[in-house]
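*Asks:* Protein chains in written order, with the numbering used here: chain A, 1 to 627; chain B, 1 to 202.
Heads up, some of the hints might be wrong.
Looking from chain A toward chain B, a few residues come up when the C-beta cut is under 7 Å (computed) [what the hints assert, rightly or not]:
| # | residue |
| --- | --- |
| 1 | 339 |
| 2 | 341 |
| 3 | 342 |
| 4 | 346 |
| 5 | 348 |
| 6 | 372 |
| 7 | 374 |
| 8 | 375 |
| 9 | 378 |
Partial selection, computed: residues in chain A whose CB lies under 7 Å from chain B [what the hints assert, rightly or not]:
| # | residue |
| --- | --- |
| 10 | 358 |
| 11 | 377 |
| 12 | 588 |
No lab work stands behind these hints: they were computed from the structure. Glycine included, every Cβ here is placed at the ideal spot set by N, Cα and C.
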Amino acid sequence: MPDSRLLLQDAPNKRALLLGNEAIARGILEAGISVVTTYPGTPASEIADSISEIAAEAGVYMEYSINEMVAVEVAAATANCGVRSLSAMKHVGLNVAADALMTLAYMGVKGGCVIVTADDPECYSSQNEQDNRFYALLANLPCLEPSNAQEAKDMTVSAVEISEKLELPVLLRTTTRVSHTRGPVTYGKLTKPSLKGEFVRDIKRMNLVPANSRPMHTVLLTKAEKAKEISETSPYNTIVRRSKSGKLGVISASAAFNYAMEAIDALDLDASILKLGMTHPLPEKLIGTFLRKHKKIVVVEELEPYLEMQIKAIAKDYAPNVKIYGKMGTLYFPRDGELSTRAVVIGLAKITRRKLPIDLKEIDRKYAEVLKDLPRRPPILCAGCPHRATFYVIRKATDGKAVYPNDIGCYALGFAPPLSIGDGFLCMGSSVSMAQGISKVTGRDTIGIIGDSTFFHAAIPGLINAVYNNHKITLAVLDNQATAMTGHQPHPGTGVTGMGVPTEKVLIEKVAEGCGVKFVRVVDPFKVKEATAVLKEALQHSGPSVVVFRSPCALMVVRDRRRKGAKIMVCKITEECTNCMACIKLLGCPALVLVDGKASINETLCIGCGLCASVCPYQAIKCEEIG
Amino acid sequence: MKGFNIVLTGVGGQGILLAAEILGTAALKEGLNVRVSEIHGMAQRGGAVVSNVRIGENVLAPTFLDGKADILLGFEPLETLRSLNFASEKTIIIMSDERITPTELTAKKMEYPSLKEITNKICSFTKNIIIVEAAKLAKEAGNILTENVVLIGALAATKKIPVKDESILEALKELVPTKHLGTNIKAFKLGYEYAQKYKLKH
Chain A
1 MPDSRLLLQD APNKRALLLG NEAIARGILE AGISVVTTYP GTPASEIADS
51 ISEIAAEAGV YMEYSINEMV AVEVAAATAN CGVRSLSAMK HVGLNVAADA
101 LMTLAYMGVK GGCVIVTADD PECYSSQNEQ DNRFYALLAN LPCLEPSNAQ
151 EAKDMTVSAV EISEKLELPV LLRTTTRVSH TRGPVTYGKL TKPSLKGEFV
201 RDIKRMNLVP ANSRPMHTVL LTKAEKAKEI SETSPYNTIV RRSKSGKLGV
251 ISASAAFNYA MEAIDALDLD ASILKLGMTH PLPEKLIGTF LRKHKKIVVV
301 EELEPYLEMQ IKAIAKDYAP NVKIYGKMGT LYFPRDGELS TRAVVIGLAK
351 ITRRKLPIDL KEIDRKYAEV LKDLPRRPPI LCAGCPHRAT FYVIRKATDG
401 KAVYPNDIGC YALGFAPPLS IGDGFLCMGS SVSMAQGISK VTGRDTIGII
451 GDSTFFHAAI PGLINAVYNN HKITLAVLDN QATAMTGHQP HPGTGVTGMG
501 VPTEKVLIEK VAEGCGVKFV RVVDPFKVKE ATAVLKEALQ HSGPSVVVFR
551 SPCALMVVRD RRRKGAKIMV CKITEECTNC MACIKLLGCP ALVLVDGKAS
601 INETLCIGCG LCASVCPYQA IKCEEIG
Chain B
1 MKGFNIVLTG VGGQGILLAA EILGTAALKE GLNVRVSEIH GMAQRGGAVV
51 SNVRIGENVL APTFLDGKAD ILLGFEPLET LRSLNFASEK TIIIMSDERI
101 TPTELTAKKM EYPSLKEITN KICSFTKNII IVEAAKLAKE AGNILTENVV
151 LIGALAATKK IPVKDESILE ALKELVPTKH LGTNIKAFKL GYEYAQKYKL
201 KH
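Same shape as in the complex, but just chain A (with noise of 0.2 Å):
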């Protein structure tokens, strides 16, 4: 490999003999893009370490993350914070970071923000050849497939530009004949990267919980749209030969391209050619017209018929006898939300042109009627829940002033006002590597929220990465023993098996000491004063920190209670009380409600967690055991 340093010469127009993936590493000192992240990978290699190499010296952020989950998650958090982020693996390595990757597109960014998978047809370096053009298809995302060196470089800084017009990440594919190919690239200017972000609270696109998930399905589907009619006009997609006959039309992309044309003038075909670049969404009309002018259309693609699918597709729209109904073209049922017997009635009675059999337009009247202010009733923490004594702990310790990126699990709803603690989450596990990104990029504390749970399941690599990196965050483990959320099933920190044997207790503490974590501290988020003490003094640690949140699950409190024929507890409010409300603005505790203008506690909801009564500054609230 020539000296990376080569790549920062700040010299437009000149030409280079670049490897794909250094055309990749160019394209990203081109675009600014400000953090790149990596799980080494063949193809993929070279593209973070020629960045590795200069990183520094260009003021570039770059880490070798542990592993593409991590990479997308931290990649993914940097641009929420408007900083432009790439992050590179190998087709394979997508795969690890899928979870994320499905939801980031529903959540987007707000700088650009690249994830290169680079495919490896024939397996030269891999244990499968997946074609990794399908995952755009599945996560609705723009895709943009380079056939060569210069093209590689050039939609490196195009996908940056799409992905924040878009404001959705953009996958650049390259396959191991591009990634390892040499070719001639043309410079263009330099951009000066800038690794400061901002990071702006925005629960509903991404805190995604399902009530926040759906409608930005239906956003994300919307920018798919608008994808499609970028993807219409780019040059990437462009018709390179017209024949004279009109007879073959042949259709190609990436790497196969370039077969095709030498293939083609072998054989003196006369044919025109239609090269695509950009492979997600397809330019549906552009597609369609050059399928209409030929007699024969020739798909020439590797691995997967991606391509030829959807071409087949378009030209049943395109041909007049050919009709098919169903989600693709005409939308006759829906590609949002669940399908229900009323959708189906009603897409199929269109289709066949009948009446409804029933006038549910009346009924949506009325119904809109009776909808008019009714208060919502999403879920919410329990009544006791002691998410809600850390969240309040969390408030407490930071004044609401830090950035609290959190996770999957019954503590996503901690989002919610009036704690407000919680800043939005990806997948499991991404709590951890989203502070890390935002801490990197914004400079404020940042603490991760997670589960105990969702430890176990995700969050070990990111923790890893976070003491390997050095990121100054502090991890919030909210340890309430039990997958809780689900039914309270066991895990590796209950000490249960599935089977109900007893087993070894793995515990969080001993694991993030073993991550390399020099400050790890256990409380019990009810003792509000100690554990505020505690947080404060992980939020001044010097690298990352763990604060372990321990207290049982309220509904197996008082399942258990229940099952020992104990007495429940119940918090009354005495004659101290001044209704000053402080226990309803503060906690939003559902036993806690207004009954003729004052502050009243619901006996059937509470279970005497004694909370509120350490919150009320008049004392004037007891707990009492009942019947």
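Given chain A, work out where chain B should sit, using these hints.
*Replies:* Here is chain B on its own, set in the frame of chain A:
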């Protein structure tokens, strides 16, 4: 499409899914074809929960069309409103008066709407409403947690569901822990007697 359709609606933690299971099990005991749809997970954490129970030979889909509920079993008044799209003038609504204030209302310093306002809204769909003092009756039966069975008792009393009372009691025996069975049977009876006194308007 035909079949007997019940929609159960309320708040996570009220025993809605168990109630649906009891009804489904009872139907199965009589050799009837049945579908019970449930939503688990996040919806249960104090959020709105809806379950559909469908009984009938040709029933295939887990959920049914708007306006096609024979019975709407409302565990909570506001949630009863939220499921009114399933109701028509033929629907019988059996609603608990037990109110669970959504935190959104508390946060906005608003109080829960009156039962009269709620029944007025229901009347735009159907006049067949049985309001059950489920919490009071459950306490009387010996356990506040038996509200769901009180409502099932009220449902049985309407004699609309194509399942015998005995089958429901059999299903109860099967699904409720033995030590709580007595309390549950009492809850069923209290709900039953309560609804029997109601005169439906059709």
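*Asks:* Hold the hint about residue 588 of chain A up to the distance rule: shortest CB distance to chain B must be less than 7 Å.
*Replies:* Nearest chain B Cβ about 6 Å off; hint holds.
*Asks:* Report holds or violated for the interface hint on residue 339 of chain A, using the least CB-CB distance to chain B and a cut-off of 7 Å.
*Replies:* violated, 10 Å
*Asks:* Holds or violated: the hint that residue 346 of chain A contacts chain B, with Cβ atoms closer than 7 Å.
*Replies:* violated, 10 Å
*Asks:* Would the stated hint for residue 375 of chain A survive a check requiring a Cβ distance to chain B of less than 7 Å?
*Replies:* holds, 5 Å
*Asks:* So, as I understand it, the hint says residue 358 of chain A touches chain B; can you test that by seeing if any CB pair is closer than 7 Å?
*Replies:* Holds, because the Cβ-Cβ distance from residue 358 of chain A to chain B comes to roughly 5 Å (cut-off 7 Å).
*Asks:* Hey, does the residue 378 of chain A contact hint survive, CB to chain B under 7 Å?
*Replies:* Nearest chain B Cβ about 6 Å off; hint holds.
*Asks:* Are residue 372 of chain A and chain B close enough, Cβ to Cβ, to be under 7 Å, as the hint says?
*Replies:* Result: violated, 9 Å to nearest chain B Cβ.
*Asks:* Taking the least C-beta to C-beta distance, is residue 374 of chain A closer than 7 Å to chain B?
*Replies:* Holds: closest Cβ of chain B sits about 6 Å from residue 374 of chain A, inside 7 Å.
*Asks:* Answer holds if the nearest beta-carbon of chain B is closer than 7 Å to that of residue 342 of chain A; otherwise answer violated.
*Replies:* Holds: closest Cβ of chain B sits about 6 Å from residue 342 of chain A, inside 7 Å.
*Asks:* Does the CB of residue 348 of chain A sit less than 7 Å away from some CB of chain B?
*Replies:* Status violated, d = 12 Å.
*Asks:* Have a go at the residue 341 of chain A hint: is there a Cβ in chain B nearer than 7 Å to its own Cβ?
*Replies:* OK, holds: residue 341 of chain A within 7 Å of chain B, min 5 Å.
*Asks:* Holds or violated: is the Cβ of residue 377 of chain A closer than 7 Å to a Cβ in chain B?
*Replies:* At about 5 Å, which falls below the 7 Å cut-off, the nearest Cβ of chain B leaves the hint on residue 377 of chain A intact, so it holds.
Checked against the numbered hints above, the structure violates hints 1, 4, 5 and 6; every other hint is satisfied.
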